[in-house]
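Participant: Generate coordinates for the entire structure from the input sequences, incorporating the hints supplied.
Quick note, the sequences are listed as chains A and B, same order.
Heads up: the first sequence at position 236 corresponds to 248 in this note's numbering, and the numbers run straight through without jumps.
Heads up: the second sequence at position 250 corresponds to 252 in this note's numbering, and the numbers run straight through without jumps.
Possibly wrong hints are sitting among the right ones.
Stated by the list, open to error - DSBU-like cross-link-like pairs, simulated, lysine-lysine; straight-line CA separation at most 30 Å:
no.: 1; chain 1: B; residue 1: K138; chain 2: A; residue 2: K466
no.: 2; chain 1: A; residue 1: K437; chain 2: B; residue 2: K16
no.: 3; chain 1: B; residue 1: K167; chain 2: B; residue 2: K25
no.: 4; chain 1: B; residue 1: K124; chain 2: A; residue 2: K466
As the list claims (entries may be wrong) - Across the chosen pairs, the derived CB separations fall in these ranges:
no.: 5; chain 1: A; residue 1: F85; chain 2: B; residue 2: N38; range: 47 to 55 Å
no.: 6; chain 1: B; residue 1: L123; chain 2: A; residue 2: D111; range: 38 to 46 Å
no.: 7; chain 1: A; residue 1: F417; chain 2: B; residue 2: V13; range: 37 to 45 Å
Unchecked claim - Part of the chain A face toward chain B, derived, beta carbon under 8 Å:
no.: 8; residue: E411
no.: 9; residue: Y445
no.: 10; residue: R449
Simulated from the structure, these hints should not be mistaken for lab results.
Ideal Cβ placement from N, Cα and C applies to all residues, glycine included.
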Amino acid sequence: METNDQLIQDITTQEYEYGFITDIEMDRAPNGLNEDTIRYISEKKNEPEWMLKWRMKGYEAFLRQDMPTWQNFTLPPMDFQGISYYAAPRTKKKYESLDEVDPELLATFEKLGIPLNEQKVLSGVAVDAVFDSISVATTYKGKLKEMGIIFCSFGEAVQEYPDLVKKYLGSVVPHSDNIFASLNTAVFSDGSFVYIPKGVRCPMELSTYFRINAENTGQFERTLIIADEGSYVSYLEGCTAPMRDENQLHAAVVELIALEGAEIKYSTVQNWYPGDKEGRGGIYNFVTKRGVCRGANSKISWTQVETGSSITWKYPAVILQGDNSTGEFYSIAVTKNKQVADTGTKMHHIGKNTRSRIISKGISAGHSNNSYRGLVQVGAKADNARNFTQCDSLLLGAECSANTFPYIETRNNTAMVEHEATTSKIGEDQIFYLNQRGIDSEKAVALIVNGYVKEVLNQLPMEFAVEAQKLLSITLEGSVG
Amino acid sequence: MLTIKNLNARVEDKQILKGINLKVNAGEVHAIMGPNGSGKSSLASVLAGRDNYEVLEGEVDLDGKDLLEMSPEDRAREGVFMAFQYPIEIPGVSNINFLRTALNEIRAYRKLPQLDAKQFLKLSKERQKLVEFDAKLVNRSLNEGFSGGEKKRNEIFQLAMLEPKLCVLDETDSGLDIDALRIVSNGVNKLRSKDNAFILITHYQRLLEYIVPDFVHVLYDGRIIKSGTKELALELEEKGYDWLKESFREQPV
Ligand SMILES: Nc1ncnc2c1ncn2[C@@H]1O[C@H](COP(=O)(O)OP(=O)(O)OP(=O)(O)O)[C@@H](O)[C@H]1O
Ligand SMILES: [Mg+2]
Numbered sequence: 013m014e015t016n017d018q019l020i021q022d023i024t025t026q027e028y029e030y031g032f033i034t035d036i037e038m039d040r041a042p043n044g045l046n047e048d049t050i051r052y053i054s055e056k057k058n059e060p061e062w063m064l065k066w067r068m069k070g071y072e073a074f075l076r077q078d079m080p081t082w083q084n085f086t087l088p089p090m091d092f093q094g095i096s097y098y099a100a101p102r103t104k105k106k107y108e109s110l111d112e113v114d115p116e117l118l119a120t121f122e123k124l125g126i127p128l129n130e131q132k133v134l135s136g137v138a139v140d141a142v143f144d145s146i147s148v149a150t151t152y153k154g155k156l157k158e159m160g161i162i163f164c165s166f167g168e169a170v171q172e173y174p175d176l177v178k179k180y181l182g183s184v185v186p187h188s189d190n191i192f193a194s195l196n197t198a199v200f201s202d203g204s205f206v207y208i209p210k211g212v213r214c215p216m217e218l219s220t221y222f223r224i225n226a227e228n229t230g231q232f233e234r235t236l237i238i239a240d241e242g243s244y245v246s247y248l249e250g251c252t253a254p255m256r257d258e259n260q261l262h263a264a265v266v267e268l269i270a271l272e273g274a275e276i277k278y279s280t281v282q283n284w285y286p287g288d289k290e291g292r293g294g295i296y297n298f299v300t301k302r303g304v305c306r307g308a309n310s311k312i313s314w315t316q317v318e319t320g321s322s323i324t325w326k327y328p329a330v331i332l333q334g335d336n337s338t339g340e341f342y343s344i345a346v347t348k349n350k351q352v353a354d355t356g357t358k359m360h361h362i363g364k365n366t367r368s369r370i371i372s373k374g375i376s377a378g379h380s381n382n383s384y385r386g387l388v389q390v391g392a393k394a395d396n397a398r399n400f401t402q403c404d405s406l407l408l409g410a411e412c413s414a415n416t417f418p419y420i421e422t423r424n425n426t427a428m429v430e431h432e433a434t435t436s437k438i439g440e441d442q443i444f445y446l447n448q449r450g451i452d453s454e455k456a457v458a459l460i461v462n463g464y465v466k467e468v469l470n471q472l473p474m475e476f477a478v479e480a481q482k483l484l485s486i487t488l489e490g491s492v493g
Numbered sequence: 003m004l005t006i007k008n009l010n011a012r013v014e015d016k017q018i019l020k021g022i023n024l025k026v027n028a029g030e031v032h033a034i035m036g037p038n039g040s041g042k043s044s045l046a047s048v049l050a051g052r053d054n055y056e057v058l059e060g061e062v063d064l065d066g067k068d069l070l071e072m073s074p075e076d077r078a079r080e081g082v083f084m085a086f087q088y089p090i091e092i093p094g095v096s097n098i099n100f101l102r103t104a105l106n107e108i109r110a111y112r113k114l115p116q117l118d119a120k121q122f123l124k125l126s127k128e129r130q131k132l133v134e135f136d137a138k139l140v141n142r143s144l145n146e147g148f149s150g151g152e153k154k155r156n157e158i159f160q161l162a163m164l165e166p167k168l169c170v171l172d173e174t175d176s177g178l179d180i181d182a183l184r185i186v187s188n189g190v191n192k193l194r195s196k197d198n199a200f201i202l203i204t205h206y207q208r209l210l211e212y213i214v215p216d217f218v219h220v221l222y223d224g225r226i227i228k229s230g231t232k233e234l235a236l237e238l239e240e241k242g243y244d245w246l247k248e249s250f251r252e253q254p255v
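Facilitator: So, in structure tokens, the structure goes:
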């Protein structure tokens, strides 16, 4: 049995090995995007030739594509040449202690009940070696390994499991899928890789214990999750704590593959910096997430709680290829001030008896703009496909807007597609009623909002749900009254 | 307990309350009757602190505290409870969770310890029984899809849970069936004590047979134009309001 100290040392050296702690000066690519940049990144990561080739294909596709024009907001100009595409993850400013950190940020941590050590990591305070969570993480990693579960950084997977990566990378989100996915393909820095072997039920929520490592998941992240036949995994992405990042454009790609009888549950809490009241300085979050139910009787379920970023543009999708497969999408998107969210899902029914369920809850406050955009597509062979969509919008105040854009395309007349949509406001009379029972307006709104999103929160793993609930009330503080 | 002096209030551009004077002592039950639109609900709303009413003049004192200075939630925490004429539906929020939040907010204000889940459920069971409230409704969303009568009974259940000192019941009897009226009245009678007081706004003398008031007031055109004992209610039942209106021509404010 190794001692804690040894474990920690292992971790630290391991990190070093994979380039997490390196000289800042040297590990920053010059601004700009060209083939040299991509070669630089690939070389830094010590990647094999095939990986570099694939990046180049992504780059070519990126050059060929124009920015999208169909979204329900004005796309801000983006200067792709003005950013550096590679920086060693730990280039954030380090503080000596929490005393130096923005007190407002600390107050938020406090409200969320984030443990002190995690507060330090999240706000970029140098953490000393004795860090419980890291050793916990290591212990669990060992356990997973025994079960044959692979859970590592993407970079590590490229080195250690090239065959798996080669087989599945880009098989769900092709390198040319959309301009942001192509950009990610060309320059992605790192991310996560998960493989669950046949018949294995992953015994824990992946990434709860590793959350602290999410510190640098950053700008161009890539996640690939493969659930082999009859396996199950629940994966958690993100963090309820406010994440600050110097990089304005985020373009992540997530690919999920569920083979026969497998189930993947993917939960996200996104709380990137939303910008100031005017929306200045917030993150542009352009994400491509797609899963494929490749085998029969497989299931993929997306749950998302989106509260951050100044622009959110994401449509987690499920390709229901296997017969009797199921796709689910549960979403809460909150916008306030001048935030914009254009989010929803796509369900592609290809196999027979495929089912999908979409529950979307939008909440808009301030001058924000919240759109649900969803596509339900039923192919010619998808006999007896079923979809149910419930799409609700809640407005706080008169200056915000909510829109729904449901698209339905069916090429099979045995399909049944149901769509329900509601728009409601938190009425002054509702607030007053609760006030009259001793509940102040702030709490009243939180109570009503929590009631409204309950169905989605229930999909989250327990502890995540509790955090998400707190996050929602904090996010909406001051939005009413 | 409650002293209202020369209360004048308006909503939008319209003055609704035109000089209300009323004194309610602990342990008393006052009934307020009066024609539709005379300002009964408005009076309740002003007491509860609804912000679309603007107080133009007057004072309201609750046990030495200036009620008009307080936020609606603080008035509630000080012990003002209003059973709404039209209770509001709040989808998704369970009745019981709402009540637990409310009770704990009120207790926090009064510097009493919070009730844990077990204590709270015990209290809730006890009070459900007291006012014979349907257990099935306890876990449903607050008033959502409740029948008219169920909503009214829920108001009384909330009253029983929150134990206020000044209870204003705005036409709680309207919409109740005969049995429910008796049950609700019994509940109220059990909740009466020397420390609390009730203001019953009603159109029907029948309620007052069950809950016997100490005083009956007639509100007309924003003023209390007549006060009496429970016999006044009987007289009104018989004669209507016209005889009072005639002796009291609308006066300019
Ligand atoms: N928001 C408002 N805007 C304009 N007038 C209002 C408003 N609210 C109340 N009023 C008016 O104030 C007057 C008093 O209304 P209130 O509801 O207090 O009457 P009430 O005595 O409770 O009547 P009822 O017996 O029908 O319940 C009515 O004429 C009503 O139309
Ligand atoms: Mg009324």
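Participant: All hints are to be evaluated individually against the structure, with a verdict given for each.
Facilitator: How the hints compare with the structure:
no. : hint                             : in the structure
1   : K138(B) with K466(A)             : 20 Å, holds
2   : K437(A) with K16(B)              : 27 Å, holds
3   : K167(B) with K25(B)              : 14 Å, holds
4   : K124(B) with K466(A)             : 25 Å, holds
5   : F85(A) with N38(B): 47 to 55 Å   : 50 Å, holds
6   : L123(B) with D111(A): 38 to 46 Å : 44 Å, holds
7   : F417(A) with V13(B): 37 to 45 Å  : 40 Å, holds
8   : E411                             : 20 Å, violated
9   : Y445                             : 4 Å, holds
10  : R449                             : 4 Å, holds
Hint compliance for this structure: hint 8 is the single one not met.
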